[in-house]
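Asker: Spelled out, the chains give:
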Amino acid sequence: QVHLVQSGADVKKPGSSVRVSCKVSGGPLDDFSFNWVRPAPGQGLEWLGRFLPILGVAYYGPKFQGRVTITGDKATNTVYMDLNSLTSEDTAVYYCAKAERAGYYLDIWGQGTLITVSS
Amino acid sequence: DVQLTQSPSSLSASIGDRVTITCQASLHIKDSLNWYQMKPGTAPELLISDVSKLKPGLPPRFSGGGYGTHFTLTITSLQAEDIATYYCQHYHSLPLTFGGGTKLEIK
Chain D
443 QVHLVQSGAD VKKPGSSVRV SCKVSGGPLD DFSFNWVRPA PGQGLEWLGR FLPILGVAYY
503 GPKFQGRVTI TGDKATNTVY MDLNSLTSED TAVYYCAKAE RAGYYLDIWG QGTLITVSS
Chain P
330 DVQLTQSPSS LSASIGDRVT ITCQASLHIK DSLNWYQMKP GTAPELLISD VSKLKPGLPP
390 RFSGGGYGTH FTLTITSLQA EDIATYYCQH YHSLPLTFGG GTKLEIK
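Top to bottom, those sequences are chains D and P. Heads up: the first sequence is residues 443 to 561, going by our numbering. Heads up: the second sequence is residues 330 to 436, going by our numbering.
Derived by calculation from the structure, the hints in this document are not laboratory data.
Using C-beta positions, here's what the derived DEER-type ranges look like: (1) Ser406(P) / Asn526(D): 46 to 54 Å; (2) Val535(D) / Ile412(P): 15 to 23 Å; (3) Ser459(D) / Lys436(P): 44 to 52 Å; (4) Pro388(P) / Asn519(D): 31 to 39 Å; (5) Asp360(P) / Pro456(D): 37 to 45 Å.
Far from chain P, by Cβ distances over 10 Å, these chain D residues were calculated: (6) Val453; (7) Ser458; (8) Ser459; (9) Thr513; (10) Asp515; (11) Ala517; (12) Asp524; (13) Asn526; (14) Asp532; (15) Arg543; (16) Ile557; (17) Thr558.
We treat Cβ as the ideally placed atom computed from N, Cα and C, and that holds for glycine.
Let's have the full structure, built from the sequences with the hints guiding it.
Answerer: What follows is the structure, encoded as structure tokens:
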């Protein structure tokens, strides 16, 4: 059974960057794809992007293009989400979620990481 | 990009009621739609994939239907543990998008 464990909560200053990690157990990264999602107040859930480890490629939501980078480390079986130029509107819980390599239903989720952006 | 509009945005129902949530897509997305349940303080959980495939282990009171632009999630007999916010999500093309959510409460 695949299990995702995310890094802990963090507080960041406006204009800075954050890295959230997602440690994967129960299978190699290459067998899956990984998505990052966050709730947006009054707007439902927002998709930040998708990472396909076997190809080493990532796809990003248009709202976050240029500000988000998703990568993976096969040696440690960990996926990373970097978000820069933070503003208070980026304050949210960030979730990593696994899908099958060629699939798009997010069947396993991490526990979430609260990122607070405050001066 | 495909926009998903859920209705209602909130819903109050009684235990045992039949509840239906609707998800309308801005483009024809065939059967490329999933549903998630999100309880307060927890991560979303996949309920239904590919319009109507219930995730193994989940109770059969949850069902999904639809095709093209109109989709539904139905709970045949509402239970207290079903209190949550429900989201649809398409995968017709990137970017993936989610609906705005339907918050379900007990009357």
